[in-house]
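Participant: Sequence:
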Amino acid sequence: MRSCKENRLIKAVEEPEPLDKNRHDMQKILRHIFSWMLGILWALPFVGILMVSIRPETEIVHGWWVFDEFNPSFENYIEVLFRTTIPLVRPLINSFYISLLGTIVPIVIGGFAGYAFARHKVPFKKTLIVILLSLMAIPLQMISVPIFRIMNSLNLLDSFTSVIILDTATAIPWIVFFMMNFVNAQPIAIEESAKIDGASSLQIVTKIVLPQSIPALLSVFTLQFVWCWVDFFLPLIFIYSPEKYVSVQVIPMLRGQFVANWGHLSAASVLVTAVPFLLFMFLQKYYIKGAVGWIVEK
1 MRSCKENRLI
11 KAVEEPEPLD
21 KNRHDMQKIL
31 RHIFSWMLGI
41 LWALPFVGIL
51 MVSIRPETEI
61 VHGWWVFDEF
71 NPSFENYIEV
81 LFRTTIPLVR
91 PLINSFYISL
101 LGTIVPIVIG
111 GFAGYAFARH
121 KVPFKKTLIV
131 ILLSLMAIPL
141 QMISVPIFRI
151 MNSLNLLDSF
161 TSVIILDTAT
171 AIPWIVFFMM
181 NFVNAQPIAI
191 EESAKIDGAS
201 SLQIVTKIVL
211 PQSIPALLSV
221 FTLQFVWCWV
231 DFFLPLIFIY
241 SPEKYVSVQV
251 IPMLRGQFVA
261 NWGHLSAASV
271 LVTAVPFLLF
281 MFLQKYYIKG
291 AVGWIVEK
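Under UniProt numbering, the sequence shown is numbered contiguously, ending at residue 298.
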């Protein structure tokens, strides 16, 4: 039997002191406050753009945060989409077309190449990987002049094809490296068992590797699609015709030489930003799993 004194000592050791508990609670509260402050500071500009986009020009003269009058409407969106000099509907479709092809093509090429680097004996494998990493370090602006001359000689200027080719070329190195690391982190035992059972290389890739790689492929899709969607440099260099403009080219044109219609600019910004935002929100869990899941598994 333990004495009362021994029981009090054991209880004091097992239970944390109130001071330590209070300090831990205070740190937790401060972390939450700091996180909320950062979140509010990050969201404030987007809230401002959204409020300006749904209010008439007369209500935002003194600032979007002034609510003496508040008559929200979608007039700015309707005018930007259909009534401006260059309606935004067509550029949005062009952006979607370029972004979709500029994402799918490099994923197909880079995905198969990454699997080949991870699972097969490729001649000069290390040298090729170093070359891929080196290509990722070269800014596209540095080689824009020779690229422009090449596209001109191929009669690809002022076409979607030139932008899609360059989006594909710049994406393949990092997609190969990403997928190679992802496949390397996956256990090879299942593939070896399938090979012993008589499965061909194509069957192994389509029935085993591909289902395992869906989170990684969706992560790559999200990153590459957003990159193509917001890219301003390539369309600026290679696309000239107004009917072929992409959405990010049209937004600066909404600002007049002397006067800026902030309602139109804000509405166009919201429309252009909504696509990658919704894409990321929809694929968020797959993006996180594909981007960092293989690191945890490894």
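Careful: at least some of the hints might be erroneous.
To be verified - So the derived label-pair ranges between C-beta atoms look like this:
(1) Q27 to F233: 41 to 47 angstroms
(2) L157 to P211: 39 to 45 angstroms
(3) W65 to A274: 34 to 40 angstroms
Said to hold, decoys possible - In the BS3-like style, the derived pairs of lysine-lysine whose C-alpha atoms are separated by at most 27 angstroms in a straight line are:
(4) K28 to K195
(5) K207 to K195
(6) K195 to K125
(7) K121 to K195
(8) K125 to K207
(9) K207 to K121
(10) K207 to K285
These are computed hints drawn from the structure, not numbers from a lab.
A virtual CB, placed ideally from N, CA and C, is assigned to each residue, including glycine.
Participant: All the hints need checking, so say for each whether the structure fits it.
Facilitator: Status of each hint after checking the structure:
no.	hint	result
1	Q27 to F233: 41 to 47 angstroms	holds, 45 angstroms
2	L157 to P211: 39 to 45 angstroms	holds, 41 angstroms
3	W65 to A274: 34 to 40 angstroms	violated, 22 angstroms
4	K28 to K195	violated, 52 angstroms
5	K207 to K195	holds, 12 angstroms
6	K195 to K125	holds, 23 angstroms
7	K121 to K195	holds, 17 angstroms
8	K125 to K207	holds, 26 angstroms
9	K207 to K121	holds, 22 angstroms
10	K207 to K285	holds, 23 angstroms
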